[in-house]
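Participant: Can you make the complete structure from the sequences, with help from the hints?
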Amino acid sequence: MAFSGALTLTDLNDFITPSQACIKPVEQSNKVDVKDAGSAATQIQVDSSGSYYEVSANGSAPAASSTKLETAQISLNDCLACSGCITSAESVLITLQSHTEVLNVLSTNSDPSSPAHRVPVLSIAPQSLASLAASVSSSSAQPVGPSRILRRVEAFCKDVLGFSHVFDTTFARHIALLEHGREFLERRAGMGKLPMLASACPGWICYAEKTHPEMLPFISATKSPQQVMGTLVKEWMGAKWGRSPEQIYHVTVMPCYDKKLEASRQDFYNEAYATRDVDCVLTTGELELLMREKGWDLSMPVGGEEDAARRGAVGLTGSGTALPELIAHPGTSSGSYLQSLVSMCADASPGPSALSVRAVRTADYEEHTLADTGAGTVLLRGAKCYGFRNLQNVVRKVGRDAGVQVGRGAAGRMAAVRVRGRPRRGDGAAAEVDKGYDYVEVMACPGGCVNGGGQLKPAVSAQEDAEGYARDWAENGVKLNTDGGLPSSDARWGTRGWTKKVEEAYWHGLPTPPPSPGPETINGTSGNLSDDHQKIQWADELASRILQDLCQPNTSEAIRWNTTMDDEAEARRRRLFRTQYRAVESEVNGLAVKW
Amino acid sequence: MDSLPARIELITQLEGHDDRSWHVAWNPQRPILASCSADKSVRLYTYKSLQEAEKASLTFTYHTTIPTGHGKTVRAIAWSPSGKTLATASFDSNIGIWAQDEEEGAGVDDDKGRSTEWECMTLLEGHETECKSIAYSSSGNLLASCSRDKTVWVWEVHPDYDFECMGVLMEHSQDVKCVAWHPHEEILASASYDDTIKLYVDDPSEDWFCFATLTGHESTVWALAFSPDGRYLASGSDDKTVRVWERVQEHKWECVAVLKGHERSVYSISWGKGSGDGLGWLASTGGDGTIHIWAMSSTAAEEGGKSTLVHKLIARFPCAHDVSDVNSVVWCPHQGLENVFATAGDDGLVRVWRVILA
Amino acid sequence: MSSEVFNPNPTVFATARSNRGLPAHYKANSLWLDDGTHDIEEDDESNEVEVIDQDEIFELIRSISDPEHRSMTLEQLAVVSAPQITFDDKTPDRLTVEFTPTVPHCGMSTFIGLSIRVRLLRSLPQRYKVDIRVKPGSHQSEHAPVNKQLNDKERVAAALENPALLEVLEQCLSTVGQHPEPTAA
Chain A
1 MAFSGALTLT
11 DLNDFITPSQ
21 ACIKPVEQSN
31 KVDVKDAGSA
41 ATQIQVDSSG
51 SYYEVSANGS
61 APAASSTKLE
71 TAQISLNDCL
81 ACSGCITSAE
91 SVLITLQSHT
101 EVLNVLSTNS
111 DPSSPAHRVP
121 VLSIAPQSLA
131 SLAASVSSSS
141 AQPVGPSRIL
151 RRVEAFCKDV
161 LGFSHVFDTT
171 FARHIALLEH
181 GREFLERRAG
191 MGKLPMLASA
201 CPGWICYAEK
211 THPEMLPFIS
221 ATKSPQQVMG
231 TLVKEWMGAK
241 WGRSPEQIYH
251 VTVMPCYDKK
261 LEASRQDFYN
271 EAYATRDVDC
281 VLTTGELELL
291 MREKGWDLSM
301 PVGGEEDAAR
311 RGAVGLTGSG
321 TALPELIAHP
331 GTSSGSYLQS
341 LVSMCADASP
351 GPSALSVRAV
361 RTADYEEHTL
371 ADTGAGTVLL
381 RGAKCYGFRN
391 LQNVVRKVGR
401 DAGVQVGRGA
411 AGRMAAVRVR
421 GRPRRGDGAA
431 AEVDKGYDYV
441 EVMACPGGCV
451 NGGGQLKPAV
461 SAQEDAEGYA
471 RDWAENGVKL
481 NTDGGLPSSD
491 ARWGTRGWTK
501 KVEEAYWHGL
511 PTPPPSPGPE
521 TINGTSGNLS
531 DDHQKIQWAD
541 ELASRILQDL
551 CQPNTSEAIR
561 WNTTMDDEAE
571 ARRRRLFRTQ
581 YRAVESEVNG
591 LAVKW
Chain B
1 MDSLPARIEL
11 ITQLEGHDDR
21 SWHVAWNPQR
31 PILASCSADK
41 SVRLYTYKSL
51 QEAEKASLTF
61 TYHTTIPTGH
71 GKTVRAIAWS
81 PSGKTLATAS
91 FDSNIGIWAQ
101 DEEEGAGVDD
111 DKGRSTEWEC
121 MTLLEGHETE
131 CKSIAYSSSG
141 NLLASCSRDK
151 TVWVWEVHPD
161 YDFECMGVLM
171 EHSQDVKCVA
181 WHPHEEILAS
191 ASYDDTIKLY
201 VDDPSEDWFC
211 FATLTGHEST
221 VWALAFSPDG
231 RYLASGSDDK
241 TVRVWERVQE
251 HKWECVAVLK
261 GHERSVYSIS
271 WGKGSGDGLG
281 WLASTGGDGT
291 IHIWAMSSTA
301 AEEGGKSTLV
311 HKLIARFPCA
321 HDVSDVNSVV
331 WCPHQGLENV
341 FATAGDDGLV
351 RVWRVILA
Chain C
1 MSSEVFNPNP
11 TVFATARSNR
21 GLPAHYKANS
31 LWLDDGTHDI
41 EEDDESNEVE
51 VIDQDEIFEL
61 IRSISDPEHR
71 SMTLEQLAVV
81 SAPQITFDDK
91 TPDRLTVEFT
101 PTVPHCGMST
111 FIGLSIRVRL
121 LRSLPQRYKV
131 DIRVKPGSHQ
141 SEHAPVNKQL
151 NDKERVAAAL
161 ENPALLEVLE
171 QCLSTVGQHP
181 EPTAA
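So the protein sequences, as listed, match chains A, B and C.
The numbers in the UniProt record's numbering rise by one with no breaks, and the one at position 481 of the first sequence is 481.
The numbers in the UniProt record's numbering rise by one with no breaks, and the one at position 294 of the second sequence is 294.
The numbers in the UniProt record's numbering rise by one with no breaks, and the one at position 117 of the third sequence is 117.
Hints are all accurate, no fakes.
Computed Cβ-Cβ distance ranges for the label pairs, DEER-style:
#1 497/A <-> 336/B: 51 to 59 Å
#2 160/B <-> 404/A: 15 to 23 Å
#3 81/B <-> 357/A: 29 to 37 Å
#4 15/B <-> 191/A: 58 to 66 Å
#5 160/B <-> 88/C: 50 to 58 Å
#6 375/A <-> 28/B: 48 to 56 Å
#7 61/B <-> 376/A: 54 to 62 Å
#8 267/A <-> 183/B: 47 to 55 Å
These are computed hints drawn from the structure, not numbers from a lab.
These numbers were taken from a predicted model, which means no experiment stands behind them.
Note that CB positions come from ideal geometry on N, CA and C, so glycine has one too.
Facilitator: Next up, the structure:
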């Protein structure tokens with residue numbers, strides 16, 4: 001069925017969106033004065049600075065008889081503790097997580113010789129680099145890859161803003177994938193529930209905690225790459241630099257607004273040093289705004305960016321804090337969680353194995369099945385599931401397969417829903433197919449993280465170009481943010497064509513298979529360049545060294561990431577690389593009920 | 001008023017709900033009438049029709065009550081086209097899917113006292129707040145629901161009472177009051193507190209999407225009804241009018257008529273085949289407690305021009321549920337009973353009526 | 001943020017003494033509490049339809065508590081008054097109750113309106129159809145959204161099935177029929 005041009009679907013709208021206004025209750029502290037009829041009534045006035053004053057109705061001079069009223073304040077922590085809306089999205093107050101806050105901290109930072117000095121560190125997600133790369137490429141003759149963009153962002157952050165260090169988060173993701181694989185094996189061994197559900201998407205975590213608490217035991221406890229990066233910077237690098245965690249100011253750049261919520265979680269707050277693993281999260285769009293405000297042209301090359309492989313070739317450099325850059329993890333542009341488990345299971349399989357991929361309706365829902373080609377047995381049954389609609393079906397399916405009831409209790413559970421067993425298939429093979437998943441890569445945004453809510457947007461205009469990328473981005477796209485505010489909700493979601501461009505930029509120059517590999521035999525690392533292989537090797541070795549440094553196992557032998565260390569070291573590993581989730585209870589303040 | 005060409009006659013009154021009755025639904029295959037209520041129950045009645053000369057006599061028998069177990073009001077009900085499944089939409093935000101165990105045999109028309117218990121086969125969760133309306137597509141393959149959470153959900157019906165979410169449509173800016181399917185195509189319409197009507201179709205390679213927004217009503221749109229031939233869509237509103245929208249192109253609908261006469265909100269409309277040729281009969285009712293029956297027809301197209309919709313009030317019945325609001329009006333879908341309809345009111349009653357042409 | 005205190009120091013007005021003798025059931029704590037079977041119509045010995053006037057409607061709603069200042073009644077805060085109750089000339093069973101939120105941007109407007117709506121729903125005979133409106137010009141924001149919500153029977157019905165909302169509502173309605181001593185001499 002073909003649609004006319006006017007009917008072509010261009011907007012991705014399958015996002016989780018906040019459905020309610022904020023309902024956070026604010027305590028009443030003022031007392032009521034009983035007055036006689038006819039006495040002065042009071043009014044509320046708002047002055048130019050936005051402060052509220054109570055003034056008597058007949059008092060003309062606010063200064064004389066006015067009382068300043070407290071302004072209600074809402075922090076991201078309040079949002080996390082509240083079940084009012086589903087996700088914060090970008091509409092919630094984010095003053096502590098804004099680019100002006102970053103500028104404030106940097107401008108008021110003490111002299112580096114002072115003990116009060118905070119070392120400013122910036123870590124940028126590969127999806128953010130891809131978004132910037134796609135926008136720069138759209139207005140230049142030659143495509144500009146993420147590695148060059150990283151050099152330019154680094155130059156901007158160091159030379160203009162004064163950051164001491166700039167990293168990308170792919171090495172943190174490498175560690176997250178290692179720990180994630182380890183957790184999967186633990187669950188397979190009976191320590192925890194299957195299917196395991198990905199936890200890197202904070203929108204999904206927020207939604208699950210607020211509306212599907214029964215899903216929490218299934219959600220991977222491994223920290224997201226952002227939070228692993230926080231641990232690396234504050235704990236590992238801090239120690240290398242002789243700095244305690246609060247002496248480092250760690251900013252991340254993410255494709256997603258909800259990463260701000262993630263960084264604000266109590267679990268990632270270090271009580272002892274009163275600091276967070278990630279102090280501030282900027283979206284890609286906010287970084288772009290910052291660059292524009294400072295007059296930085298990202299389309300201009302910087303010195304040395306040709307040497308894209310520089311960092312990859314550095315090799316192990318003793319006790320330095322250099323990290324392998326832009327490590328390619330084959331699979332999806334949302335972190336390759338599923339593919340990393342597929343590779344792990346394929347590697348562990350004694351015989352040859354084959355992966356089959358089946359798209360369910362669209363590319364946002366794919367079933368990946370890894371089977372032993374000899375015995376025909378299934379080694380791993382996984383799915384990739386992006387967007388709100390698909391998420392609903394996964395929640396239903398997981399709930400049904402695992403025999404847990406879905407939905408929040410407050411919704412008024414039906415007392416007697418008939419329990420119906422799954423139909424028995426006659427032959428074993430069919431029954432095998434009917435079994436549930438072992439793993440689901442869940443992401444709240446359709447298209448995944450490259451299409452995150454914090455990414456740069458193509459211009460939203462009525463131009464014929466439905467693909468949305470053949471236009472001059474600097475002329476159009478950038479202007480979306482010129483008022484300095486957040487893009488309007490109408491403009492914030494990218495088009496499919498634009499998302500495709502970002503996806504291409506993400507994989508630019510990487511010797512990786514396409515994000516959705518077709519049926520093929522998996523033989524360990526699928527990269528074919530020794531450079532890439534070398535980088536992975538370096539990453540593995542560095543990860544082991546970091547594990548050793550941070551967990552201090554009671555052994556003199558070299559350890560690998562999957563080594564089981566002594567109990568104390570394992571407890572440290574859990575503290576450093578895992579987290580936890582909790583159901584958020586509904587508000588019961590009657591006056592705050594929206595009806 | 002008395003000069004109208006038809007009159008409305010009460011056939012029977014069905015009592016039993018302990019609270020406001022919100023909605024009625026005729027089973028499309030079997031002689032069952034269902035009603036739902038703020039008392040959280042669904043009541044089922046069977047009926048028999050005896051054709052006596054020109055006039056059908058209808059007798060209703062109470063069949064059973066489904067207590068449902070919903071935590072709050074059951075706001076709306078919908079039969080699947082097969083007549084085997086009943087869906088309930090509740091203020092508790094859930095949708096219940098009810099059927100009789102087929103293995104235990106016997107249909108509801110077995111009135112010999114055999115056990116034909118209706119069981120909840122599946123609970124569809126997802127709406128955040130009150131579910132307000134529910135509808136099966138003509139093929140029975142799709143189920144749509146809507147809620148105060150501003151969303152419209154489309155579910156695909158799978159065997160074994162399994163459902164897959166095909167789309168969550170977040171197009172309305174307010175409470176969605178009603179969903180309705182086109183009588184033979186997979187076109188979905190939704191009506192909202194935001195005063196608009198939205199129309200959706202499926203893009204097979206992508207998702208469900210809104211292809212048209214119909215504006216014109218000046219307040220909440222409470223009710224929707226497609227004409228039996230699918231060329232028109234009627235809508236009832238808090239602005240006291242019924243509007244009729246014509247499909248002028250594949251994906252384009254235009255308002256062609258505004259029917260006035262109600263003194264308070266129009267809560268429910270139903271477009272049945274009616275008697276005679278023409279486009280059928282449109283029934284409307286609402287907060288003024290009055291039932292209006294409009295005969296809809298179109299003038300013949302002249303000289304290649306388009307035909308024009310003509311509406312004519314043929315019957316009117318005030319105080320249909322005494323002093324109460326009437327929340328629902330639905331035509332009986334069965335052949336030979338095209339002039340029969342049922343209403344549900346704030347008095348908790350269900351009444352069945354017939355239109356008699358003078 | 002709807003439970004922010006919008007008017008921390010409201011002006012309190014003297015209340016009028018009840019200016020008419022009331023049937024006993026009016027003073028019952030709340031009519032709907034004693035098993036809901038009594039409404040005004042049924043309490044009448046005769047089955048004649050008695051016309052209810054402005055003052056009687058006012059009696060029903062004057063002593064509803066303000067949600068923010070529970071010790072105050074809507075009358076004391078001049079949220080409701082008898083002249084703000086009007087009947088449809090043609091259809092005396094249809095009436096409009098206007099109310100005046102205490103401050104222009106009172107976030108409690110919908111709640112106060114709901115308490116009036118529920119009080120009347122529970123105590124008036126069913127034949128009465130009531131429209132509730134914010135007094136024009138008294139509400140800073142467009143009052144249309146508040147009016148629309150208060151007159152949407154489905155929204156009201158659903159609100160009354162929300163336990164948390166209902167609890168506060170019952171508290172505000174628990175004072176109906178109890179008239180405090182007039183504060184002005």
